[in-house]
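Chemist: Listed below, chain by chain, are the residues.
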Amino acid sequence: MIKQRREVLKTGGGLGVLGLLAAAGVIKPELALAAWNEGAFKAGTLEKSLAALGAGKPATSGDISINAPDIAENGAVVPIGVSTTLPKVESISILIEKNPDALAATFKLPEGTEANVQTRCKMGQTSNVYALVKADGKFLMAMKEVKVTLGGCGG
Amino acid sequence: MNYRMLSQGLAGACLVLGTLGAGSAQADATTDEIARYREMIADGNPSELFALQGEELWKQKRGPRNASLEQCDLGLGPGVVKGASARLPRYFKDTGRVQDLETRLMTCMETLQGIDPKTIINAAWGKGEREKMQAIVAYVVTESHGEKIDIDMKPPQMKKMYELGKMTFYYRGGPMDFSCATCHGDKDKRIRLQDLPDLRTQAGAAAGWGSWPAYRVSNGQFWTMQHRLNDCFRQQRFPEPIYGSDVTIALSVYMAATGNGGTVMTPGIKR
Amino acid sequence: MKTYAHTVALASLLLACQGAGAADAELHAEFKAMLDSSFKTTGIAAKHRIYQLDFQAACSQAQAPAMPVQKAIEAEQLKTIRYPADGNYFGNWKEGEKIAISGRGLTWTDKTPTDNGGGCYNCHQMSHHEIAYGTIGTSLLEYGKTRGRSDEVLRYTWGKIWNAKAFNACSNMPRNGDADILTEQQIKHLMAYLFDPESPVNKK
Amino acid sequence: MANPMKIRAAAKDGVTEVKVLMSHEMETGQRKDSSGNLVPAHFITELTATWNGKTVLDAQFGPAVSKNPYLAFKFKGGAKGDKVVVTWKDNKGDSRTDEAAIA
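Protein sequences appear in the order of chains G, V, Y and H. Under this note's numbering, the first residue of the first sequence is numbered 1, with each subsequent residue one higher. Under this note's numbering, the first residue of the second sequence is numbered 1001, with each subsequent residue one higher. Under this note's numbering, the first residue of the third sequence is numbered 2001, with each subsequent residue one higher. Under this note's numbering, the first residue of the fourth sequence is numbered 3001, with each subsequent residue one higher.
Just to be clear, a hint being listed does not mean it is correct.
To be clear about the criterion: a stretch of chain V counts as covered by chain Y if any three or more of its residues have a C-beta under 8 Å from a C-beta of chain Y, and this derived list gives those stretches [claimed, not checked]:
id: 1; stretch: 1131-1139
id: 2; stretch: 1165-1172
id: 3; stretch: 1188-1202
The following label-pair restraints were derived from C-beta to C-beta distances [unchecked claim]:
id: 4; chain 1: G; residue 1: Gly-124; chain 2: H; residue 2: Ser-3095; range: 26 to 32 Å
id: 5; chain 1: Y; residue 1: Ala-2025; chain 2: V; residue 2: Ala-1029; range: 49 to 55 Å
id: 6; chain 1: Y; residue 1: Leu-2078; chain 2: V; residue 2: Asp-1116; range: 16 to 22 Å
id: 7; chain 1: Y; residue 1: Thr-2109; chain 2: G; residue 2: Glu-38; range: 43 to 49 Å
id: 8; chain 1: V; residue 1: Ala-1029; chain 2: G; residue 2: Gly-44; range: 50 to 56 Å
In silico lysine to aspartate or glutamate, EDC-like type, Cα no more than 20 Å apart, as pairs [what the hints assert, rightly or not]:
id: 9; chain 1: V; residue 1: Lys-1118; chain 2: Y; residue 2: Asp-2036
id: 10; chain 1: Y; residue 1: Lys-2047; chain 2: V; residue 2: Asp-1231
id: 11; chain 1: H; residue 1: Lys-3083; chain 2: H; residue 2: Asp-3013
id: 12; chain 1: H; residue 1: Lys-3019; chain 2: V; residue 2: Glu-1039
id: 13; chain 1: H; residue 1: Lys-3019; chain 2: H; residue 2: Asp-3082
id: 14; chain 1: Y; residue 1: Lys-2040; chain 2: V; residue 2: Glu-1240
id: 15; chain 1: V; residue 1: Lys-1093; chain 2: V; residue 2: Asp-1152
id: 16; chain 1: G; residue 1: Lys-42; chain 2: H; residue 2: Asp-3082
id: 17; chain 1: V; residue 1: Lys-1127; chain 2: H; residue 2: Glu-3027
id: 18; chain 1: G; residue 1: Lys-147; chain 2: V; residue 2: Glu-1033
id: 19; chain 1: Y; residue 1: Lys-2040; chain 2: Y; residue 2: Asp-2110
id: 20; chain 1: G; residue 1: Lys-147; chain 2: Y; residue 2: Asp-2036
id: 21; chain 1: V; residue 1: Lys-1059; chain 2: V; residue 2: Asp-1152
id: 22; chain 1: G; residue 1: Lys-147; chain 2: G; residue 2: Glu-111
Simulated from the structure, these hints should not be mistaken for laboratory data. Every residue, glycine too, gets a C-beta built ideally from N, C-alpha and C.
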């Protein structure tokens, strides 16, 4: 099944075809969602990553909060949590501006799952961290700076 | 000790130097934020992943003798894992040696499973039997989480090891003239942003000894106490201590005994 | 590699305290044997590193040695300092910052015994912008700004970086020049980092 | 073969909190090994969590997610003893499924 989907992806030239297949009822929508969004994860800059996610230039929302430390003792593990009080949340994405590819993770939230996820990301250097939320069909965003420090006696 | 006698003899002329500078009032917001960072990563310690593998290895029949470690005596009787590492190192009559967790596990692996200790001593970190040892350690120390450090200092062999460990702690050498005490022999110091436990004191030794072995987020590895000490000596610019050698046991006894009564927080999670 | 021939004065001071009991001597012998059997050569970190220089031995107690011993050590170490041959103390502060930040060098995972960092930030606060600094040593923030650039200050600072034991026998600070940790050029870069008005040590 | 995950699921006041630790290198493809060669990228790309067969989370990771990934989320419902199943797949086609009973 998975192999077949990958083949469809390759020969068909991307998500468009997959979307069509989903629309035609050939595959279930939730499986279509699960295909890795290579375009977005390899988009590079923040701007290009947002574009690849179809988010354009999202407005800032005070209803989204990023739970991350101001200073991370080590860039290899930076705890990042995102939660929001916005209704009808469909997805949450975490983007790190100064990483080679900004998009770190994206979560699709089925109905009944709370808009509150936590994970840990690598940060090569001090950077702004963005939380992108799609709620009720609209993209909104919040930002927080996380400082990454050098540590240990060796380096 | 000879020099101490001299300084006592010359007490009138003797001024014990605080070897450090005066500027230490640098506690700031940075320290608080780092504390918050540590708190955030404490929930969800990947040491659990290693402990899971270690428990499997403990129960698995392995080695030339195709036996498990379930009859291993870590000091509380065959098969007793709970609380065992909180009471190590200790003197073992059957081997006639003071052993830490890892050297004791090597004894069990040799006697029960027929695994040659050399395959562990000479392996690289994270490779072969050494990697398996690391997982088993993760399992064993998880079973002492929350217990009190309880080192039996009555045997003369332990007292001797303590003295040797203390001498090691203050022993300066190598191209940078460092000893353990260079970094761990004063209160409220840090190296870069990392707090340095003052291992001379009960509280410091309990904090240091009690939070290793640990998962290290900087490299995603689980480090045993042998690994921790090995890297201390590396940063100290000393030659490499042989895995399980007496200098590592002596230092372990010095730290554990100094921290006696403190809480075991293993497995820890560290930078 | 250098050898350290200590003066008769220090040696005799150290000899003066050979009155320790037999139990002590036995423990010392055991300690030596333990070190011998516990360490091995790995990479550039040769086993002989466990054998101490005289002053290292004198500074290996919970307490610093008696003042006369310290003074003797300091006098010895002072002789090792080599000031810049061309009389110029300063390199490039930007290079100096890299050296101050890097804690690399001389471990068994380092490939060569050269190309080392100074590890200054391990122990010292130095600049206005680097928050990851240690507190084992004093803060060197605004070092040049507050001390000026008199010959005396420059000479002292150079000497302190070259061999801190010349000023404090049991200092925690490595003998950067004397023990071949840093080159003369690297120390010049560090001097520039400490004194240049444009360096973030002095400029906000 | 991939090592097991550690999954914790606990229900409280009608909400189940799930915490997952995965054993994975999460290689970015940009790191060099000790001999200077690039270590090929190897990371989890997709993760699905289900409760009683219903999808409760659908995540996609890039290589910027930390080694030995951690994930926590909450969903409405879930009773003691219900099964939460988590599956991940990585970019080399390896996968792993583990489950836990809600406590």
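Chemist: Which of the numbered hints above does this structure break?
Modeler: 1, 6, 7, 8, 16, 20, 21 and 22
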